[in-house]
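Enquirer: Residues per chain, in single letters:
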Amino acid sequence: MADETVTLTIDGHEIEVEPDIYVLEAAERLGIWIPTLCNYRGLTPFGACRVCTVEVTKGSRVRLVTSCNYPVSDGLVVHTNTERVRTARRILVELLCARHGKVGIIKQLAENVGVTKPRFGEGNEPCILCGLCVRACAEMAKAYAIGFSQRGTEKIVTTPFDEESEVCINCGACAKVCPTGAIYIEGADEIRHDELMLGPNAAISVPTMQAVPNVPALDAEQCLHFRRDGCGICAPNCPADAIDYSMQDEEVEVEAGTVVIATGFQTFDPTIAEQYGYGRFPNVMTSIEFERLSNAAGPTGGKIVMRNGEPPESVAILHCVGSRDEHYHRYCSRVCCMYSLKFAHLVREKLGARVYELYIDMRSFGKGYEEFYDRLLKEGALFIRGKGAEVTDFAILDEEKGKLMVKCEDTLAGVQRRLPVDMVILSVALEARSDARDVERMFNLCASEDGFFLEQHPKLAPVETTSDGVFLAGCCQGPKDIPDTVAQGSAAAAQALSLILRGETTLSGAHAEINEELCSGCRVCNELCPYNAITYDEEKKVSKVNESLCKACGTCVAACPSGAIKGKHFTKEQILAEIEGVLQ
Amino acid sequence: MSRFEPVIVGFLCNWCSYTGADLAGTARRHYVPNLRIIRVMCSGRVEPTFVLKALQDGADGVLVAGCHPGDCHYQEGNYKTMRRMTLLKRMLEQLGIESARVRLEWVSASEANRFVDIVNEMTEQIRALGPLKLGHFEDAEVSAEEAPVPAQQAAAK
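Chains as they are written, first to last, in my numbering: chain L, 102 to 685; chain G, -4 to 152.
Derived by calculation from the structure, the hints in this document are not laboratory data. Built from N, CA and C at the ideal position, the CB exists for glycine as well. Among the hints, a few may not be true.
What the hints assert, rightly or not - Below 30 Å or equal to it, Euclidean Cα-Cα: the simulated DSSO-like pairs (lysine-lysine) are: (1) G:128 x L:673; (2) L:669 x G:128; (3) L:645 x G:48; (4) L:502 x G:48.
As the list claims (entries may be wrong) - One-sided and incomplete, this derived list gives chain L residues near chain G with beta-carbon spacing under 8 Å: (5) 475; (6) 484; (7) 485; (8) 549; (9) 678; (10) 683.
What the hints assert, rightly or not - Simulated restraints on C-beta separations: (11) G:63 x L:623: 25 to 33 Å; (12) G:63 x L:647: 25 to 33 Å; (13) G:81 x L:623: 36 to 44 Å; (14) G:81 x L:543: 38 to 46 Å.
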């Protein structure tokens, strides 16, 4: 029962707890330290290491028990630091030392409980047989890939028959929980480019350091709880009790008078541009991956390293991958020149490595941008005017072996160049999102040929769209850098606010009007109106137009069999006169 | 003898086709000067009467252009046009007017090139058909592909 509690006393402090926990957890809540090796919140307690031994008094019986798996009960009196407990712990730790004494965590534990010279010697076996890994594999991963084998002094943790496991899902939970670091996952420290995502590579993580809201999110596709119905370790470990596995995606309907569309962009996928070798050569990466690599909060802590963990000696940055290219996008993505300069600066600053910038034209047009370009020239980055043509691993000379060869035409020198480098960064294009069409349809927008949303007028109405009250901000309208995006966003917000604050909108004079004298009440127009602006007046037997709903498309005007509807500014007389006019 | 220059009246919707034509202009794209444009808010505003009036007053062809299906600024005005134009073309055939003289096209605001291509192509097509002769359709030179059957049928009846 959730509302039932039990009261026990630990070292003289009374505490009221739920009846289904163990003494160790109750002590933790009081802030009383009990040493333990084999306990992990969320996994079934095991009592293997036994160093959490405490003295319990129940009635007249006093005895030593392991606190991690001794359940609490009413009136229980616990002592964690009596002479008897200390002696018992010291012996336990000495016995642990006999096999594992040279392992860091055991050494430290020995110091903590006052064992200076273990009587039974010091061994160097890292596995203390606490069984945490076995429990993690069974309870978290539900993989049951490892277990105990043999008995007595022969006992070890291993896979069945000591063979490579078929059921291991390579989740790494066993290595993660191991208190002594006895389990090592091969390749876990290697940087894998296919996993160099924008966020950290854990199933629960804060997507980026700048995320809004800045809270972690669960990735159901990676999370063991969802994948294998196991784990669930994060929930009991969350002090705020904020983790809820039952949460589902939900559709929220919001009623709004104005909308700012800021759906952004996606980056060009260079795998289709095979000549750059992206996906084939591990050290060819996109700009966004390099951004992640050089980020202090990234997977390498900001260290610029190749896949093998070594720092590169030379780096080539290829501009205009997917931009200014007839095969992909004809437009200039505007931001790549400047971030490529930033990359060159970072490589020069952090590694002092040789950096090549392969550009078509340097477009450093913004405030302070040209000066930055100038600075890079002085910092020793090597600029080659010519688009990178191909990345291969084909070596001609001996010193080119193991390097990536970047081919390009140096149009200033008028020669073909082959550059041996360790790492290639592709400055990929910004392109319209693949789902931009859905947004376009939803809001009745227009898009230009390249897929970016079209503003109402490039000079006079740069944030408005053809739909009233819908505004554009940022890269959904076209590639732009952060200052431009912020400026456009502010403008869009101001436009939206000016509508909201006024509380009313001005209608154009153009709308349909029904001449009641002529209207026969046939109601053909009622069905046609996409805005339901035409209603039928039962009393007068005529149709009526609601002027504030009417958008003046004129569909009803064209359809009215009695000619009773007049489309203001586009009347029949006006258009017929226009026809006569153009045909004179 | 100088080349026959057809006169084409174009009804362009304000949001897609007119903007597309405008873009063709700002992009300095060249196209034949035979099209005379009338702006309407929606292709759905185009009454069949307008097309007939244009043909009656001397146009050799009429172009009606609107947003692509599903893209209408007024949600479904272009669908209404689509139905009306199909019926109108049938009626024109019965009157002995080649259906190719009236054309319904979808041109979006970004499709300046498409707009230019359509205007050029349509002008050539109507140039091939020759001037529209109302009231003398028996004498009109009708090409083998373009609507000879209804014209003959109409004459036979």
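Enquirer: Check the structure against each numbered hint from earlier and tell me which ones fail, lowest number first.
Expert: Violated: hints 2, 4, 5, 6, 7, 9, 13, 14.
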